[in-house]
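Participant: Sequence:
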Amino acid sequence: MFGDKNAKTEKGTTLVANNCQIEGDVLFSDELCIEGFVKGNIIAQDGARAEVRVSEKGRVVGEIRAPSVVVNGKVYGDIHSDKHVELAAKAEVKGNVYYNLIEMVMGSKVDGNLVHVKNGKPEVRQVEQRQANGPAPVQPVKAKSA
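So the sequence shown is numbered by the numbering used here: it starts at 1 and just counts up by one.
If you are wondering where the hints come from, they were derived from the structure by calculation, not from laboratory data.
No experiment lies behind these values; they were computed from the predicted model shown.
The reader is advised that the hints may include incorrect statements.
Said to hold, decoys possible - Subject to a maximum C-alpha distance of 20 Å in a straight line, what follows is the list of computed DMTMM-like cross-link-like pairs (lysine to aspartate or glutamate): (1) K90 to E35; (2) K109 to E63; (3) K118 to E92; (4) K90 to D78; (5) K57 to D82; (6) K39 to E103; (7) K74 to E86.
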């Protein structure tokens, strides 16, 4: 009832239907299911246990930032997730995928980089620095005469 502080709140789901088109950024919490077209960034509210689902017919042109992201449609932009990314069989991503855990099904496509993140930050790997002069020159080997 009204004012009952012990009542369990239900998870809300927002649907962008197949025949719906949104232009502009979307800020959400809980669950966002995209079956239509979104041109803009999709951003989960800070601290929300949010999930974005892009269905087989869904398309997103923009960045997705959410703890959990499931894609089976098309995303033209980067995906940032500090929890879990799932790329289903018909997923097509043209952009970088920043993930903590990732699941890719055979048939999914990524045209970009896969970047593992820890604690919300990309892992930095030290690359061995080469000398300014480049690699050491190769010395010729004298052939043995017969």
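Participant: State for each hint whether it applies.
Facilitator: Hints, one by one, checked against the model:
At most 20 Å may separate the alpha-carbon atoms for a hinted pair to count; K90 and E35 meet this at roughly 14 Å. Annotation: proposed proximity of K109 to E63 holds, straight-line Cα distance about 17 Å (limit 20 Å). Taking the CA atoms of K118 and E92, the gap is near 24 Å; set against the 20 Å cutoff, the hint is violated. A distance of roughly 17 Å separates the Cα atoms of K90 and D78; the hinted pair therefore holds under the 20 Å criterion.
A hinted pair counts as satisfied when its Cα atoms are at most 20 Å apart, and K57 with D82 does not qualify at roughly 25 Å. Distance restraint check for K39 and E103: the Cα-Cα separation of roughly 25 Å exceeds the 20 Å cut-off, and the hinted pair is therefore not satisfied. With a C-alpha separation of about 13 Å, the suggested pair K74 and E86 falls inside the 20 Å cut-off, and the hint holds.
Hint compliance for this structure: hints 3, 5, 6 are not met, and every other hint is.
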